[in-house]
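Peer 1: Here is how the chains run, residue by residue.
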Amino acid sequence: MEFGLSEDQKLLQESVGRTLERVSPLDRVRKAAETREDYAADVWAALRDLGVPGMMVPEDFGGMGMKLLDAVLVAEMLGRHVAPVPFVGTAVMAPIALTGAGSAAQQEAWLPKLASGEAIAGVAVSERAAGARDGAGVTAAAGKLNGSALFALDAAGADILIVADKAGGLHLVKGDAKGLTKVALTSIDLTRGLTELQFDNVEAEALASGDAAATLGRMIDAGRVMLAADTLGAGWAMIDKAVAYAAERKQFGRVIGSFQAVKHMCAEMASELEPCRSLIWYAGHAFDEVPAEASLMAAHAKSLTAEVGRFVARTATEVHGGMGFTDLVGLHYWFKRIGLDRQLLGSPERVRGEAAKMQGWAAD
Amino acid sequence: MDLAYGPQYEAFRAEVRDFIAKHKDKAPKRFGVSRPSEESLAWQRLLLEHGLTARTVPKEYGGYGAEPDILKSRIIAEEFTKASLPMGLASQGISMLVPTLLELGTEEQKKKWIEPTLRGDVIWCQGYSEPGSGSDLASLQTKATEDGDDFVINGQKIWTSTAHAADMIFCLVRTEPDKPKHEGISYLIFSMKTPGIEVRPLKTMTGHAEFNEVFFTDVRVPQKDIVAGRGQGWFVANATLKHERGMLGDPNQAGTRLKEIVDLMHEETVGGQRLIDNPLYRDRLVQLQSRVLAMQFHGLRLLTASTKKEDPGIARLIVKLQGCEINHQLAALAIDALGELGVLYEDSPHLRARGSWQHRYMFDLGLIIGGGTAQIQKNIISERGLGMPREPKLVKA
Chain G
122 MEFGLSEDQK
132 LLQESVGRTL
142 ERVSPLDRVR
152 KAAETREDYA
162 ADVWAALRDL
172 GVPGMMVPED
182 FGGMGMKLLD
192 AVLVAEMLGR
202 HVAPVPFVGT
212 AVMAPIALTG
222 AGSAAQQEAW
232 LPKLASGEAI
242 AGVAVSERAA
252 GARDGAGVTA
262 AAGKLNGSAL
272 FALDAAGADI
282 LIVADKAGGL
292 HLVKGDAKGL
302 TKVALTSIDL
312 TRGLTELQFD
322 NVEAEALASG
332 DAAATLGRMI
342 DAGRVMLAAD
352 TLGAGWAMID
362 KAVAYAAERK
372 QFGRVIGSFQ
382 AVKHMCAEMA
392 SELEPCRSLI
402 WYAGHAFDEV
412 PAEASLMAAH
422 AKSLTAEVGR
432 FVARTATEVH
442 GGMGFTDLVG
452 LHYWFKRIGL
462 DRQLLGSPER
472 VRGEAAKMQG
482 WAAD
Chain Z
25 MDLAYGPQYE
35 AFRAEVRDFI
45 AKHKDKAPKR
55 FGVSRPSEES
65 LAWQRLLLEH
75 GLTARTVPKE
85 YGGYGAEPDI
95 LKSRIIAEEF
105 TKASLPMGLA
115 SQGISMLVPT
125 LLELGTEEQK
135 KKWIEPTLRG
145 DVIWCQGYSE
155 PGSGSDLASL
165 QTKATEDGDD
175 FVINGQKIWT
185 STAHAADMIF
195 CLVRTEPDKP
205 KHEGISYLIF
215 SMKTPGIEVR
225 PLKTMTGHAE
235 FNEVFFTDVR
245 VPQKDIVAGR
255 GQGWFVANAT
265 LKHERGMLGD
275 PNQAGTRLKE
285 IVDLMHEETV
295 GGQRLIDNPL
305 YRDRLVQLQS
315 RVLAMQFHGL
325 RLLTASTKKE
335 DPGIARLIVK
345 LQGCEINHQL
355 AALAIDALGE
365 LGVLYEDSPH
375 LRARGSWQHR
385 YMFDLGLIIG
395 GGTAQIQKNI
405 ISERGLGMPR
415 EPKLVKA
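So the sequences go chain by chain: G and Z. Every number in our numbering is 121 more than the matching position in the first sequence, counting from 1. Every number in our numbering is 24 more than the matching position in the second sequence, counting from 1.
Just chain G, same shape as in the assembly (with noise of 0.2 angstroms):
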């Protein structure tokens, strides 16, 4: 019995989140932020170098072949360093589409390029797992799309993108199909971009070789573990600095942190939110080995680490008085990171509706 991680997955997390602090500084962010780039490609190149794309990419592919869990580990230290790259949509979700439900053609010509970075993959499923928001809806017939599919994740600047229909099919289309619209929406969170894609008869390839339906549920459950370990990043980061600054900060003729009002937000945000690694790891463990639980474990700590972000993220504002407010400290890229995880996939509300139907105490 043994609930933790093992040294490789120690080294792992470490060596992604020294290799952050180097190349994604504040300074970087707000570059990225600030210019709307697609995404920080620097930042993009030295992830490659330590394999992330192709972390979840199996071996024979060029990948990694890891776990899940491996990349919850990955996408902590992204929320942490509220890193300006793709990596939900390209790096996870896409890979287990294609392994799932894509051909052996299609894994051929796509894998090997995802898990080496050179190419990246925008994932469009929100309508399947948040619902759909201004008609939005894609149809497939006689392999054309048409329709739209708002909050697309690693879409900007993608070279495939993975489409889920209003039936639950998936489709592989290429990023500069003919008929294919990108229109870029502007969140609060602008380390990492949002898009909404318009159909007018794209050509697309389904992904029809396994399961699609089961496969577009990995790849939702997979999404939500993957939000709510960036939201543990992104939180447990304003944690330290709140913490870093109430020692520094005096008033009254002391630091900030000696007073208990004070001390106690801390507190209060730090034992909210500890418990949620736990369950994140059990979510990312039972996606690999307990497949009947995953989905209720994904949906647990998706909604979970949603609400607590949302109070660490508050909370840590104003430890930081005044200042937390201000685009000085940068504070805000960590509070609208938290906002947007909350958001995306199925907001908390959502999805402990689903966990319900899940165990069968709501009628679906």
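Calculated from the structure, these hints are not laboratory results. Hints are supplied without guarantee of correctness; some may be wrong.
Interface residues of chain G toward chain Z, partial, derived using beta-carbon atoms under 7 angstroms [what the hints assert, rightly or not]:
id, residue
1, MET122
2, LEU301
3, HIS385
4, TYR403
5, HIS406
6, LEU425
7, PHE446
8, ARG473
9, ALA476
10, ALA477
11, GLY481
Computed list of lysine-lysine pairs in DSSO-like fashion (alpha-carbon distance at most 30 angstroms, straight line) [claimed, not checked]:
id, chain 1, residue 1, chain 2, residue 2
12, Z, LYS217, Z, LYS167
13, Z, LYS167, Z, LYS203
14, Z, LYS417, G, LYS362
15, Z, LYS333, G, LYS131
16, G, LYS295, G, LYS265
17, Z, LYS205, Z, LYS167
18, G, LYS234, G, LYS295
19, Z, LYS106, G, LYS478
20, Z, LYS83, Z, LYS134
21, G, LYS188, Z, LYS227
22, Z, LYS136, Z, LYS106
23, G, LYS457, G, LYS362
24, Z, LYS283, Z, LYS205
25, Z, LYS227, Z, LYS53
26, G, LYS152, G, LYS234
27, Z, LYS106, Z, LYS283
28, G, LYS131, G, LYS457
29, G, LYS131, Z, LYS332
30, G, LYS303, G, LYS457
31, G, LYS371, Z, LYS417
32, Z, LYS333, G, LYS188
33, Z, LYS283, G, LYS478
34, Z, LYS46, Z, LYS106
35, Z, LYS134, Z, LYS333
Residues from chain G that keep clear of chain Z, each with C-beta distances beyond 12 angstroms, as calculated [what the hints assert, rightly or not]:
id, residue
36, GLY186
37, ALA327
38, GLU389
The beta carbon of each residue, even a glycine, is placed where N, CA and C say it ideally should be.
Chain G is already provided as a structure; the job is to place chain Z on it using the hints.
Peer 2: Using the frame of chain G, we list chain Z on its own:
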């Protein structure tokens, strides 16, 4: 990550299951807070004999003498919980005094007290808190003055559960009034039948007297009945409190409570609609389920850290705060879901679950306060876990 126990432990689990299948009819329905019944004592002795309680206490002191193995302890707890069987006596004598004597007692004290305590022949109470010394326990004022070979004790203790039924007390007293507050305390053990002791039940908001006040007037105790020497009491008490905090906020208790609420929400109807079909109660249920699961996995993580002798840091410090809070919120959900029925208590008509949800809701608030208040826990988490500064001492005028 490997959540399998492996063949050696599964063989042990099979032994525990055999025991349960063979003996479960002998288990007492419930252990009271006062003196254990004959049935409870017999059950306790059966568990001792099979190494299912006091497993690691050495044989010469009446235990089973097994090597410490936290996974085996967990398997026992899992199987007993699954079978809804009581684990044996969970008295303060067994959970707090026995580990303290094993760690710090003299050979004579161990020989004299551990075995009868384990067997339930000697019942103990804990004399720590005083009316003026709660969170600031080290300020306690109960005095023990030297007189020949004895101490003479005067003062008052409060929150002394089982004092009315106890044979003995382990008690913190001030023996060195001139020393700094932490260095003037000693840990004494003495009989509750000693002349000069008066026990008054302390009725709480639940309507029951789960605690007592204990008054000492010229209580004469031999000096030799001290544990770990004069002025060492604060150190001994901290060793003991460590064992107490380990008991509070147990996530498996929350898991059992959650299951009870799931059943309740499926069975109870209001206006013909099952409670589980009300989306607001259902959402609260799922929210609490997330938190209960998180703390259960958190427990596994801490368990692994202890088997590997790793320091889990802040992860351990949050358990009492989180665990007690979640239990309290579970009781609150059950009350809310029951609606007007949720207020019924004692022996009212239409009563549900013997009124236990209201009792738990109130008693759990006591647990949030007791054993180190939530606010003291937050001090500990921020100071020891996050390295934040202590509250500056007031300068004396």
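Peer 1: Hint validation: PHE446 of chain G versus chain Z, beta carbon distance must be below 7 angstroms. Holds or violated?
Peer 2: violated, 22 angstroms
Peer 1: Over 12 angstroms from every CB of chain Z: does ALA327 of chain G meet that, or does the non-interface label fail?
Peer 2: Holds: least Cβ distance 35 angstroms, greater than 12 angstroms.
Peer 1: Run the distance test for LYS188 of chain G versus LYS227 of chain Z: straight-line Cα separation, threshold 30 angstroms.
Peer 2: violated, 56 angstroms
Peer 1: Is LYS106 of chain Z close enough to LYS283 of chain Z, meaning Cα to Cα at most 30 angstroms?
Peer 2: The hint holds at about 12 angstroms.
Peer 1: For the pair we were handed, LYS205 of chain Z and LYS167 of chain Z, check the Cα-Cα distance against 30 angstroms.
Peer 2: Holds. LYS205 of chain Z to LYS167 of chain Z sits at ~12 angstroms (cutoff 30 angstroms).
Peer 1: Quick check on the hint: ALA476 of chain G CB to chain Z CB, less than 7 angstroms?
Peer 2: Holds. Min distance 5 angstroms.
Peer 1: Just to be careful, I want the Cα atoms of LYS333 of chain Z and LYS131 of chain G compared with a cutoff of 30 angstroms; is the pair within it?
Peer 2: holds, 17 angstroms
Peer 1: For LYS303 of chain G and LYS457 of chain G, compute the direct alpha-carbon distance and say whether it is at most 30 angstroms.
Peer 2: holds, 23 angstroms
Peer 1: Please verify whether LYS106 of chain Z and LYS478 of chain G have alpha carbons no more than 30 angstroms apart.
Peer 2: Roughly 25 angstroms separates the two Cα atoms, so the pair holds.
Peer 1: Can the restraint linking LYS333 of chain Z and LYS188 of chain G be considered satisfied, given a maximum Cα separation of 30 angstroms?
Peer 2: Roughly 27 angstroms separates the two Cα atoms, so the pair holds.
Peer 1: Is the hinted pair LYS152 of chain G and LYS234 of chain G satisfied, with a Cα-Cα distance of at most 30 angstroms?
Peer 2: holds, 28 angstroms
Peer 1: For the restraint on GLY481 of chain G, tell me whether the closest CB of chain Z is nearer than 7 angstroms.
Peer 2: violated, 9 angstroms
Violated hints for the displayed structure, listed by number in ascending order: 2, 7, 11, 21, 22, 24 and 38.
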